[in-house]
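Going down the list, the sequences are from chains A and B.
Sequential numbering from 1 applies to the first sequence in our numbering.
Sequential numbering from 1 applies to the second sequence in our numbering.
To be clear, the hints were calculated from the coordinates, so they are not data collected in a lab.
Backbone N, C-alpha and C define an ideal beta-carbon position, used for all residues, glycine too.
Please note: incorrect hints may appear among the correct ones.
Not everything, but these chain A residues come out facing chain B in the computed CB check (under 7 Å) [claimed, not checked]:
(1) PRO44
(2) LYS71
(3) TYR97
(4) LYS98
(5) PHE101
(6) THR103
The chain contents come next:
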Amino acid sequence: GENVEQHPSTLSVQEGDSAVIKCTYSDSASNYFPWYKQELGKRPQLIIDIRSNVGEKKDQRIAVTLNKTAKHFSLHITETQPEDSAVYFCAVEGGTYKYIFGTGTRLKVLA
Amino acid sequence: GAVVSQHPSWVICKSGTSVKIECRSLDFQATTMFWYRQFPKQSLMLMATSNEGSKATYEQGVEKDKFLINHASLTLSTLTVTSAHPEDSSFYICSARDRLAGDQFFGPGTRLTVL
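Bound conformation, chain B alone (with noise of 0.2 Å):
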């Protein structure tokens, strides 16, 4: 079936640094990912959608300065979260829709945590 990674799985690092997170397809392309935030004991709530090529489109209240997200390939997306602070620290997830299926995919989150 089809596999959606993300590195790292965990990271921590020390606050006003930057983090990048990256998902990939791993048997499909995926001209559209998406990046979610999960915090503890609640739902996943989508920051913005990746477009390869182009520009992602970035969910109300989501700092698109902050949450940098590039997608410069049918099989990446990176999502670098810059001067990363203790409120940042979260359960990051994205899932790669399938160009030719249609169907989504998630890949295994990345838990973020700093300091």
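With the rest of the complex left out, here is chain A (with noise of 0.2 Å):
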């Protein structure tokens, strides 16, 4: 089955800094990509997603890149604020619309 690769497991950054956070998959039939954004006890949040015939997509600070001959999607983050502070998740769809979950990262946003 899919198999998804999280890193890293934590990451803190500097107010106004960039934050990236990277996924790598096994399976390459899978075609859409959405990342997750989790406080504390609340559901995921859909921030951003990316279906395999694009390979960017960018909405006001946070961007998502997808290479699909490597296999690999990453999240990024501009000009990072402490309300960013949160676990970021990453997800692959694989058959029958199924989410298989990346491991997490923890992004702490210094003031």
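Put the complex together from the two separate chains, hints included.
See the structure below:
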């Protein structure tokens, strides 16, 4: 089955700096890659997603890049703010629409 | 936007009892719903795929007789944790796939504590 690896597990950045989180996957047939932000005790919130026919997508300070050949995709957050502090999960949509999640990255933005 | 609700939001039960958790899509129809379990400081682990009108598909290692799933309508799936034990204590989250749009939406989660 699909295997999703996510790095780093923790990331601390100074406010205003950029943060990058990377995920790799194993199933070359996967074609949908969402990113979620989860705050403690809350549901995951979709922040950006990308489909396999696109290499990059941007939404204000957040961007996602996809390299289908290498089977990896990355989340980029620019001009980080304290409210960006949370746990971020990548996911890969496998067969029958199910999502396989990465292990998560705890992002801390230091003021 | 699309809304998915879960009930209850939290539950505390005694070891050996059964607990039912409901997942509802409030403004769209969902032929497919998913149940996840999340232990503290861990990722979401898919437990099973719930299909309306048919049997659920369980992930490897998930006991189907312990985690009973019923998806009797296009807006409701239920997860029953039977004979719950302390190791079943976790955050259970459902997601529902919009039958028409194809997007998935997560419920707010149910925190289960088994004493």
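Hints and how they fare:
1. Hint status for PRO44 of chain A relative to chain B: holds, with the closest Cβ pair at about 5 Å, below 7 Å.
2. Taking 7 Å as the C-beta contact cut-off toward chain B, the hint placing LYS71 of chain A at the interface is violated, the least distance being around 19 Å.
3. Restraint check, TYR97 of chain A versus chain B: the minimum CB separation of about 6 Å is within 7 Å; hint holds.
4. With a cut of 7 Å, the hint placing LYS98 of chain A at the interface with chain B holds, because the nearest CB-to-CB distance is about 6 Å.
5. Because the closest C-beta pair between PHE101 of chain A and chain B is about 5 Å apart, less than 7 Å, the hint holds.
6. Nearest Cβ of chain B to the Cβ of THR103 of chain A: about 5 Å, under the 7 Å cut. The hint holds.
The structure fails to meet hint 2 from the earlier list, while all remaining hints are met.
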